[in-house]
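Colleague: Sequence:
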Amino acid sequence: GQLVEASRVMADARSEFKNTTEATRILIADADLACKRRDFDQAIQMLKSIPNDNAYATRAKIKMADIYLHDKKNKKLYAAQYHELAQQTQTVHGFILLGEAYMKIQEPERAIKAYEGALKLNPGDATLSSKIGRALITTHDYKRAVQYYETAASGSAGQNEDGTTIELSWTTRMALLHDLAELYLSLKNFPDATRVCEQAMALGHAQRKEAADDLTSIQADVKSLSILADIGQASGDSKMVVESLTQAWTYQ
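Whatever position you read off the sequence shown (first residue = 1), add 54 for the numbering used here.
No lab work stands behind these hints, which were simulated from the structure alone.
Model, not experiment: these values are computed from the prediction.
Even for Gly, the Cβ is constructed at its ideal location relative to N, Cα and C.
Careful: at least some of the hints might be erroneous.
Below, in silico cross-link-like pairs of lysine-lysine (PhoX-like), each with a Cα-Cα straight-line distance of 25 angstroms or less [claimed, not checked]:
no., residue 1, residue 2
1, 263, 293
2, 126, 174
3, 90, 158
4, 242, 158
5, 130, 158
6, 263, 242
7, 130, 197
8, 167, 129
9, 174, 158
Pair ranges (Cβ atoms, derived) [what the hints assert, rightly or not]:
no., residue 1, residue 2, range
10, 301, 130, 17 to 25 angstroms
11, 259, 197, 44 to 52 angstroms
12, 280, 241, 17 to 25 angstroms
13, 304, 142, 17 to 25 angstroms
14, 242, 86, 27 to 35 angstroms
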């Protein structure tokens, strides 16, 4: 009864707001209502009727993609919505959404291509490099993953429209260094894992000199020392384990 009444109200609203900017919002809400009635084909037809140059086109494509994935169980058409969106918008955000969509359906190779498309539009973006690194790990391409993480950890947050570099926040760089150290550790490359941890420690110390945010940098140091202890344990260096854990305890 409630759904029938809601449909009637929605039909009235669509008629009243026809040819206004509100019409598309009402159409999307009507598509939501069709999904509640489990009439997914009708919802898709409604969403397909929204032109690509409409302000709500992205929202409509994402909604359509969700229907294809969760209700129609069609991974191919789910990804196709994001592929179309990326090709139409040609934006960093569009390619990131495409990459994340491919990762969601366990297609990391295609996700990597999408993220690389975003990276071309925003060269030097460390967050994108780390996304590519994570995707490469899932494909077991550890060599390339290491290269992307090394680039990301020493990189920037991309470029402004005028071509100037956007500085990477120290917390982002720290997270990248920790990810890279753990990757080296999983590859049993103990010297490089140790080197990256020492870089992270140096970054934490530099941050404490520059800013009063002691707590965040101390937490980061404890994480670095914890990884160093893991390196010591994995490499059979008991001295490294004791020294790292002892130093970590001094921060407690």
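Colleague: A separate judgement is required for each hint: does it hold in the structure or not?
Modeller: Evaluated hints:
1. 263 x 293: violated (29 angstroms)
2. 126 x 174: violated (33 angstroms)
3. 90 x 158: Given pair residue 90, residue 158 holds - Cα atoms ~24 angstroms apart, limit 25 angstroms.
4. 242 x 158: violated (29 angstroms)
5. 130 x 158: Within the cut-off at roughly 12 angstroms; holds.
6. 263 x 242: The given pair, whose Cα atoms are some 33 angstroms apart, is violated under the 25 angstroms limit.
7. 130 x 197: violated (30 angstroms)
8. 167 x 129: holds (18 angstroms)
9. 174 x 158: Holds, because 22 angstroms separates the two Cα atoms, which is no more than 25 angstroms.
10. 301 x 130: 17 to 25 angstroms: violated (52 angstroms)
11. 259 x 197: 44 to 52 angstroms: violated (31 angstroms)
12. 280 x 241: 17 to 25 angstroms: holds (18 angstroms)
13. 304 x 142: 17 to 25 angstroms: violated (55 angstroms)
14. 242 x 86: 27 to 35 angstroms: Since residue 242 and residue 86 have Cβ atoms about 51 angstroms apart, the given range 27 to 35 angstroms is violated.
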